[in-house]
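Trainee: Protein sequences, first through last, are from chains A and B.
So for the first sequence, my numbering puts the first residue at 11; every next one is plus one.
So for the second sequence, my numbering puts the first residue at 57; every next one is plus one.
I should point out that these hints are in silico values taken from the structure, not numbers from a laboratory.
Honestly, I wouldn't trust all of these hints.
As the list claims (entries may be wrong) - Capping the alpha-carbon separation at 25 angstroms, the derived lysine-lysine pairs in PhoX-like fashion look like this:
{"id": "1", "chain 1": "B", "residue 1": "Lys122", "chain 2": "B", "residue 2": "Lys76"}
{"id": "2", "chain 1": "B", "residue 1": "Lys97", "chain 2": "B", "residue 2": "Lys111"}
{"id": "3", "chain 1": "A", "residue 1": "Lys111", "chain 2": "B", "residue 2": "Lys76"}
{"id": "4", "chain 1": "B", "residue 1": "Lys70", "chain 2": "A", "residue 2": "Lys52"}
{"id": "5", "chain 1": "B", "residue 1": "Lys70", "chain 2": "A", "residue 2": "Lys111"}
{"id": "6", "chain 1": "B", "residue 1": "Lys122", "chain 2": "B", "residue 2": "Lys97"}
{"id": "7", "chain 1": "A", "residue 1": "Lys121", "chain 2": "B", "residue 2": "Lys70"}
{"id": "8", "chain 1": "A", "residue 1": "Lys121", "chain 2": "B", "residue 2": "Lys111"}
{"id": "9", "chain 1": "B", "residue 1": "Lys111", "chain 2": "B", "residue 2": "Lys70"}
{"id": "10", "chain 1": "A", "residue 1": "Lys111", "chain 2": "B", "residue 2": "Lys120"}
{"id": "11", "chain 1": "A", "residue 1": "Lys11", "chain 2": "B", "residue 2": "Lys97"}
{"id": "12", "chain 1": "A", "residue 1": "Lys52", "chain 2": "A", "residue 2": "Lys78"}
{"id": "13", "chain 1": "B", "residue 1": "Lys120", "chain 2": "B", "residue 2": "Lys76"}
{"id": "14", "chain 1": "B", "residue 1": "Lys122", "chain 2": "B", "residue 2": "Lys70"}
{"id": "15", "chain 1": "B", "residue 1": "Lys122", "chain 2": "A", "residue 2": "Lys111"}
{"id": "16", "chain 1": "B", "residue 1": "Lys97", "chain 2": "A", "residue 2": "Lys111"}
{"id": "17", "chain 1": "B", "residue 1": "Lys70", "chain 2": "A", "residue 2": "Lys11"}
{"id": "18", "chain 1": "B", "residue 1": "Lys120", "chain 2": "A", "residue 2": "Lys11"}
{"id": "19", "chain 1": "A", "residue 1": "Lys52", "chain 2": "A", "residue 2": "Lys11"}
{"id": "20", "chain 1": "A", "residue 1": "Lys11", "chain 2": "A", "residue 2": "Lys78"}
{"id": "21", "chain 1": "A", "residue 1": "Lys121", "chain 2": "A", "residue 2": "Lys11"}
Unchecked claim - Pulled from the structure, derived: some chain B residues nowhere near chain A, Cβ distances all over 10 angstroms:
{"id": "22", "residue": "Gln98"}
{"id": "23", "residue": "Phe161"}
{"id": "24", "residue": "Asp163"}
Glycine residues also receive a C-beta, built at the ideal position from the N, C-alpha and C atoms.
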Amino acid sequence: KQEVTQIPAALSVPEGENLVLNCSFTDSAIYNLQWFRQDPGKGLTSLLLIQSSQREQTSGRLNASLDKSSGRSTLYIAASQPGDSATYLCAVRPVGSGTYKYIFGTGTRLKVLA
Amino acid sequence: GAVVSQHPSWVICKSGTSVKIECRSLDFQATTMFWYRQFPKQSLMLMATSNEGSKATYEQGVEKDKFLINHASLTLSTLTVTSAHPEDSSFYICSARGNDQPQHFGDGTRLSIL
Chain A
11 KQEVTQIPAA
21 LSVPEGENLV
31 LNCSFTDSAI
41 YNLQWFRQDP
51 GKGLTSLLLI
61 QSSQREQTSG
71 RLNASLDKSS
81 GRSTLYIAAS
91 QPGDSATYLC
101 AVRPVGSGTY
111 KYIFGTGTRL
121 KVLA
Chain B
57 GAVVSQHPSW
67 VICKSGTSVK
77 IECRSLDFQA
87 TTMFWYRQFP
97 KQSLMLMATS
107 NEGSKATYEQ
117 GVEKDKFLIN
127 HASLTLSTLT
137 VTSAHPEDSS
147 FYICSARGND
157 QPQHFGDGTR
167 LSIL
C-alpha cells in the first residue's frame, strides 16, 4: 500500500531564506508526482508535476526534484516571501491507478515571517 | 485556465439533515471527477471516483449509502451527505479531469453539522 510522508510537518522561516520541503513515498511504481499549495480553508493549486521519467521541474522560484528509485522528492523554494505561507502537499499517482487517483501526503505548513 | 467550481463554500446544518455539494467544471468537459475529504491538519483522503454516466467507485471504508455521488453530466457532479451527523463535519474537496487535461481542484466546501 502506497504511503506518502512529508517532513517537516511545520516550518517557520524568516523572509528571504531558501528552504527545502521533503516528501517520501513507499512504492516507487508511480506515474508522476505533484506538489500542491493549499491556503487555509481553500482548495489546491498545482505547483509542479514531475513525470516518473523526469528528474526535476522548475517554475519561477520553485524547483522540484524526483528520485523515484529511492522514493523521494524535494520542493526547493528560493528567496521565500510572506506570500509563500501556506500548506504544501505532495501527491503521487500510483501505477495501476487507472482512474488517475492520487495519494496525498500530510503536508508541510510553512510560515514565512516578514 | 481550467476552473472547477464548488458550491456551497460553507454550510452549517442540523444533525439528521441531508446536504448536497455541487462540483462544476466551468470550461472543460470533466470525464472523471473525484471527491476528497480533509480533516483539520490532515491530508486529503480520496472518497470516491465518478465517471460521467456511470456509478461512482468508492474507496474502502467509505459508505456509498451515506455519501451519494451523482455525475449526470460532463460538467457537474454532486455529493450528497445523507442524514448528516457531527462526525461528518469536514472539508470536502472535488477535483475534475477531462481528456488531455490534468486534475483541477475546487476550492472546497466546509461542512459543519450541529
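Trainee: Now, for every hint given, state plainly whether the structure supports it.
Mentor: Now the hints, each set against the structure:
Restraint check for Lys122 (chain B) and Lys76 (chain B): satisfied, since their Cα atoms lie roughly 12 angstroms apart, inside the 25 angstroms limit. A distance of roughly 31 angstroms separates the Cα atoms of Lys97 (chain B) and Lys111 (chain B); the hinted pair therefore is violated under the 25 angstroms criterion. A hinted pair counts as satisfied when its Cα atoms are at most 25 angstroms apart, and Lys111 (chain A) with Lys76 (chain B) qualifies at roughly 23 angstroms. A threshold of 25 angstroms between alpha carbons decides the hint, and for Lys70 (chain B) with Lys52 (chain A) the separation of about 24 angstroms falls inside it, so the pair holds.
Only pairs whose Cα atoms come within 25 angstroms are accepted, and Lys70 (chain B) paired with Lys111 (chain A) is rejected, the gap being roughly 32 angstroms. For a cut-off of 25 angstroms, the pair hint linking Lys122 (chain B) to Lys97 (chain B) stands: about 24 angstroms separates their Cα positions. For the proposed pair Lys121 (chain A) and Lys70 (chain B), the alpha carbon gap of about 35 angstroms is over 25 angstroms, so the pair is violated. For the proposed pair Lys121 (chain A) and Lys111 (chain B), the alpha carbon gap of about 41 angstroms is over 25 angstroms, so the pair is violated.
A distance of roughly 29 angstroms separates the Cα atoms of Lys111 (chain B) and Lys70 (chain B); the hinted pair therefore is violated under the 25 angstroms criterion. About 18 angstroms separates the Cα atoms of Lys111 (chain A) and Lys120 (chain B), which keeps this hinted pair within 25 angstroms; it holds. This hinted pair checks out: Lys11 (chain A) and Lys97 (chain B) have alpha carbons roughly 22 angstroms apart, not beyond 25 angstroms. Of the pairs offered as hints, the one joining Lys52 (chain A) and Lys78 (chain A) is violated, with about 30 angstroms between alpha carbons and a cut-off of 25 angstroms exceeded.
For the hint linking Lys120 (chain B) to Lys76 (chain B), the alpha-carbon distance of about 14 angstroms falls within 25 angstroms, and the restraint holds. Straight-line distance between C-alpha atoms of Lys122 (chain B) and Lys70 (chain B) comes to about 16 angstroms, which keeps the hinted pair within the 25 angstroms bound. Taking the CA atoms of Lys122 (chain B) and Lys111 (chain A), the gap is about 21 angstroms. The hint holds against a cut of 25 angstroms. A threshold of 25 angstroms between alpha carbons decides the hint, and for Lys97 (chain B) with Lys111 (chain A) the separation of about 21 angstroms falls inside it, so the pair holds.
A C-alpha spacing of about 37 angstroms is found between Lys70 (chain B) and Lys11 (chain A), which places the hinted pair above 25 angstroms, so the restraint is violated. A hinted pair counts as satisfied when its Cα atoms are at most 25 angstroms apart, and Lys120 (chain B) with Lys11 (chain A) qualifies at roughly 22 angstroms. At most 25 angstroms may separate the alpha-carbon atoms for a hinted pair to count; Lys52 (chain A) and Lys11 (chain A) exceed this at roughly 28 angstroms. Straight-line distance between C-alpha atoms of Lys11 (chain A) and Lys78 (chain A) comes to about 16 angstroms, which keeps the hinted pair within the 25 angstroms bound.
The suggested pairing of Lys121 (chain A) with Lys11 (chain A) is violated, with an alpha-carbon distance near 32 angstroms, which exceeds 25 angstroms. Remark: the non-interface label on Gln98 (chain B) conflicts with the geometry, its nearest Cβ contact in chain A lying 6 angstroms away (cut-off 10 angstroms). Distance check on Phe161 (chain B): its Cβ comes as close as 4 angstroms (rounded) to a Cβ of chain A, failing to clear the 10 angstroms threshold; non-interface status is violated. Its beta-carbon lying about 4 angstroms from the closest one in chain A, Asp163 (chain B) breaks the requirement of being farther than 10 angstroms from that chain.
Violated hints, in rising order: 2, 5, 7, 8, 9, 12, 17, 19, 21, 22, 23 and 24; the structure is consistent with all others.
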